[in-house]
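Student: Next come the chains, spelled out residue by residue.
2 protein chains.
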Amino acid sequence: MANYFSSNFTLGILGGGQLGKMMLYETRKFDITTHVIDPSAEAPSRISCDYFEQGDLMDFDTVYNFGKNVDVLTFEIEGVNIEALAKLESEGKKVYPSSETLKNIQDKGVQKNFYKLHKIPTAPFLVFKTKDDLTEAIVRKELTLPFVWKSCTGGYDGNGVSVIRTEEDIIPLAEGSCIAEKLIPFKNELAVIVVRNPSGEVKTYPVVEMEFHPEANQVEYVICPARIDDKVAKNARDIAVKVSEAFKHVGLLAVEMFQTEDDEIIVNEVAPRPHNSGHYSIEGSYTNQFEQQIRAILDLPLGNTDSKVGGIMVNLVGAEGHTGEVVYENIEKIMAMQGVTPHIYGKKQTRPFRKMGHVTIVNEDIDKAREIAEEVKNNIKVISK
Amino acid sequence: MANYFSSNFTLGILGGGQLGKMMLYETRKFDITTHVIDPSAEAPSRISCDYFEQGDLMDFDTVYNFGKNVDVLTFEIEGVNIEALAKLESEGKKVYPSSETLKNIQDKGVQKNFYKLHKIPTAPFLVFKTKDDLTEAIVRKELTLPFVWKSCTGGYDGNGVSVIRTEEDIIPLAEGSCIAEKLIPFKNELAVIVVRNPSGEVKTYPVVEMEFHPEANQVEYVICPARIDDKVAKNARDIAVKVSEAFKHVGLLAVEMFQTEDDEIIVNEVAPRPHNSGHYSIEGSYTNQFEQQIRAILDLPLGNTDSKVGGIMVNLVGAEGHTGEVVYENIEKIMAMQGVTPHIYGKKQTRPFRKMGHVTIVNEDIDKAREIAEEVKNNIKVISK
Numbered sequence: 001m002a003n004y005f006s007s008n009f010t011l012g013i014l015g016g017g018q019l020g021k022m023m024l025y026e027t028r029k030f031d032i033t034t035h036v037i038d039p040s041a042e043a044p045s046r047i048s049c050d051y052f053e054q055g056d057l058m059d060f061d062t063v064y065n066f067g068k069n070v071d072v073l074t075f076e077i078e079g080v081n082i083e084a085l086a087k088l089e090s091e092g093k094k095v096y097p098s099s100e101t102l103k104n105i106q107d108k109g110v111q112k113n114f115y116k117l118h119k120i121p122t123a124p125f126l127v128f129k130t131k132d133d134l135t136e137a138i139v140r141k142e143l144t145l146p147f148v149w150k151s152c153t154g155g156y157d158g159n160g161v162s163v164i165r166t167e168e169d170i171i172p173l174a175e176g177s178c179i180a181e182k183l184i185p186f187k188n189e190l191a192v193i194v195v196r197n198p199s200g201e202v203k204t205y206p207v208v209e210m211e212f213h214p215e216a217n218q219v220e221y222v223i224c225p226a227r228i229d230d231k232v233a234k235n236a237r238d239i240a241v242k243v244s245e246a247f248k249h250v251g252l253l254a255v256e257m258f259q260t261e262d263d264e265i266i267v268n269e270v271a272p273r274p275h276n277s278g279h280y281s282i283e284g285s286y287t288n289q290f291e292q293q294i295r296a297i298l299d300l301p302l303g304n305t306d307s308k309v310g311g312i313m314v315n316l317v318g319a320e321g322h323t324g325e326v327v328y329e330n331i332e333k334i335m336a337m338q339g340v341t342p343h344i345y346g347k348k349q350t351r352p353f354r355k356m357g358h359v360t361i362v363n364e365d366i367d368k369a370r371e372i373a374e375e376v377k378n379n380i381k382v383i384s385k
Numbered sequence: 001m002a003n004y005f006s007s008n009f010t011l012g013i014l015g016g017g018q019l020g021k022m023m024l025y026e027t028r029k030f031d032i033t034t035h036v037i038d039p040s041a042e043a044p045s046r047i048s049c050d051y052f053e054q055g056d057l058m059d060f061d062t063v064y065n066f067g068k069n070v071d072v073l074t075f076e077i078e079g080v081n082i083e084a085l086a087k088l089e090s091e092g093k094k095v096y097p098s099s100e101t102l103k104n105i106q107d108k109g110v111q112k113n114f115y116k117l118h119k120i121p122t123a124p125f126l127v128f129k130t131k132d133d134l135t136e137a138i139v140r141k142e143l144t145l146p147f148v149w150k151s152c153t154g155g156y157d158g159n160g161v162s163v164i165r166t167e168e169d170i171i172p173l174a175e176g177s178c179i180a181e182k183l184i185p186f187k188n189e190l191a192v193i194v195v196r197n198p199s200g201e202v203k204t205y206p207v208v209e210m211e212f213h214p215e216a217n218q219v220e221y222v223i224c225p226a227r228i229d230d231k232v233a234k235n236a237r238d239i240a241v242k243v244s245e246a247f248k249h250v251g252l253l254a255v256e257m258f259q260t261e262d263d264e265i266i267v268n269e270v271a272p273r274p275h276n277s278g279h280y281s282i283e284g285s286y287t288n289q290f291e292q293q294i295r296a297i298l299d300l301p302l303g304n305t306d307s308k309v310g311g312i313m314v315n316l317v318g319a320e321g322h323t324g325e326v327v328y329e330n331i332e333k334i335m336a337m338q339g340v341t342p343h344i345y346g347k348k349q350t351r352p353f354r355k356m357g358h359v360t361i362v363n364e365d366i367d368k369a370r371e372i373a374e375e376v377k378n379n380i381k382v383i384s385k
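Listed in order, the protein sequences are those of chains Z and C. For the first sequence, my numbering assigns the number 1 to the initial residue and increments by one for each residue that follows. For the second sequence, my numbering assigns the number 1 to the initial residue and increments by one for each residue that follows.
In isolation and in its complexed conformation, chain Z is listed as follows (with noise of 0.2 Å):
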């Protein structure tokens, strides 16, 4: 086993966003070095690491570089150059997830196609070279409304995702490669992290539920664990250790499914990566998931997924009507609230629904966790000066 503490031994992070920052605490708690590379002089990552370098992570030649330097390579974000990572991969780098993984997951249309090819249960989808396409099937009704459209590349936090129930709606939409696909009606939004390391050790996180504002169609909570039935759970979190197998996944794997009107799991879609859904388990689990994606990488032995105490997260995000320098206004009134803990991520200017931090309420009673991050929902407020 290499000696990764408080020795030469070097990661290197894609990507220094908010994903890094979280995982960078985790590296200093072990005391690994790290090398990051984000595309901004501001990244929230550009302290903690050893090493921080401003580059293009979509460019060959930056990855590449960048890799070269580095013992185990892996990313905070999928919007990286594949090529780059197979090529450091044939030359013997370790890279995780890997550059095979990504492949079958960076475009949606590859990832859905991948899903029917693996019999993994997802909803009917077509896939679309160009906009064109997508309105020449609705043309010769190969497609009818309503579907969801998915663009296949570039979506991120609910961006290249629409739900298309009239003509009109599909004006808007993006050119380029998409997907559209049955819009199945279910109860539940779910989602469960799968963590493996080289050595093949797989656990899974207990299943978290989204809970949708009754109007606005937005999640509000990440609540773990989700109240739903065990046998329910149970299912998620056998079709998520599938999911992960299929795509011979080193890392977390973050599966995002739908509970059916009858009680079906079919998966939505995987993040390859520290996901939205679980930052409640910095406080909430006995191994949060950036401690867990540094043993997963290193093929340390994965630490204990179970839950100390309920956990519920509330996403920070800026205010409709607000840009320029944030101010977090009741922030010290929410800091009073029982178990609450805010993560801000270090982004100077706030502008509308842009992710500035989340929030999480911790107890050992989830319904009282519920009322109080409603408590926390109603008094934040993320604005600019």
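Since the hints were derived computationally from the structure, they do not count as laboratory data. None of the values given here were measured: they were computed from a predicted structure. There could be a bad hint or two in this list.
A pair counts as met if it fits within one copy or between any two copies, since identical chains are not told apart.
[To be verified] 30 Å max Cα-Cα, derived DSS-like pairs, lysine-lysine:
(1) LYS116 / LYS348
(2) LYS103 / LYS129
(3) LYS355 / LYS103
(4) LYS348 / LYS141
(5) LYS103 / LYS87
(6) LYS203 / LYS368
(7) LYS333 / LYS242
(8) LYS234 / LYS368
(9) LYS242 / LYS203
With chain Z's structure known, arrange chain C on it following the hints.
Tutor: The following block gives chain C in isolation, referenced to the frame of chain Z:
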């Protein structure tokens, strides 16, 4: 209330050791700008702060000039220039804990007299300006063996403390001011961390217990909660609050205490900062001591001091006979044990008894945690290459 989060507000920290390093996880979490100063260019806090300076913490000008450029000044080590703190305070700078508090703590003779003045139970003692004065007192029979000798200044991690049983034990003692304390037999060594913010909110953490190795008179495990009667625990927490109030302390105050054979609590000494006895809180508590320190000195609401689960802390100290580049032997073995988290401080060189890190073991069942802690202790070794 000042805007601390992603703002121009700057917190200054005197000292960049492991305590500062762990405090920086929390300033990063809240995105609070930090300046750190330490005599060593390789200080564990050298990264993760926004600005690092190498400098002598006992030098007036160095501390004064460093403090001038921050909004709130704190320290993670007692050995800092108090006159510089006082001057900064006189100019309106917020310094927490205050120079006045530190003055009553930094010198152990002053600290003991402070307890006497404030009727805080402590072992009977005599203060001596020099070693000559001490030996003279023995000759004059004003002081009788056995007693506990403590250097008034510069003691750290058990350095500067000796049990004097024979006249020969006196020979190796350092020159300089010291105290001689009555040797009181005790059942348990306990500690309580008290926290207070400038607004006067006060909380105590649960009592922790130091379990000693049966032969080598060394702390092996710090256990939270202490395995003592509720009545004794309540008394210990009450006395700790009284101590903190007497010092008009702001921030964390770790109060080390003895539980005597007849269940009296007497105060041994205090540390006005995060403390080894509170390290378990990172994994064990709703609010860890480092986050709590940030909340306190910024006059934010204090967090819940209760434990989520039982916690045990084992120090990682350099093994005897090993000096040089550090290797954490069997670290992957202990990471495979349930609820085990190593913390590696980032010192590249080990030497016998150097504090290199710590390991936390958490479990709902404290007896189970204690079993695992013993396994950890029996496996991990801090050696050189």
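Student: Now tell me, hint by hint, if it's right for this structure.
Tutor: So, going through the hints one by one against the coordinates:
Taking the shortest Cα distances, LYS116 and LYS348 never come within 30 Å of each other, neither inside one copy (43 Å) nor across copies (51 Å). Taking the closest pair of Cα atoms, LYS103 and LYS129 come within 30 Å of each other only inside a single copy of the chain (17 Å); across copies the shortest separation is 73 Å, beyond that limit. Taking the shortest alpha-carbon separations for LYS355 and LYS103, only the intra-copy value of 26 Å comes in at or below 30 Å, while the best inter-copy value is 45 Å. In the homo-oligomer, the alpha carbons of LYS348 and LYS141 never lie at most 30 Å apart, since the shortest distance is 48 Å inside one protomer and 68 Å across protomers.
Taking the shortest Cα distances, LYS103 and LYS87 sit within 30 Å of each other inside one copy (14 Å), while across copies they are farther apart (61 Å). Taking the closest pair of Cα atoms, LYS203 and LYS368 come within 30 Å of each other both inside a single copy (28 Å) and across two copies (22 Å). In the homo-oligomer, the alpha carbons of LYS333 and LYS242 lie at most 30 Å apart only across protomers (28 Å), although the nearest pairing inside one protomer, at 43 Å, exceeds that limit. Taking the shortest alpha-carbon separations for LYS234 and LYS368, both the intra-copy value of 25 Å and the inter-copy value of 27 Å come in at or below 30 Å.
In this assembly of identical chains, the alpha carbons of LYS242 and LYS203 lie at most 30 Å apart only when taken from the same copy (12 Å versus 48 Å across copies).
Of the numbered hints given earlier, the model fails hints 1 and 4; all others are met.
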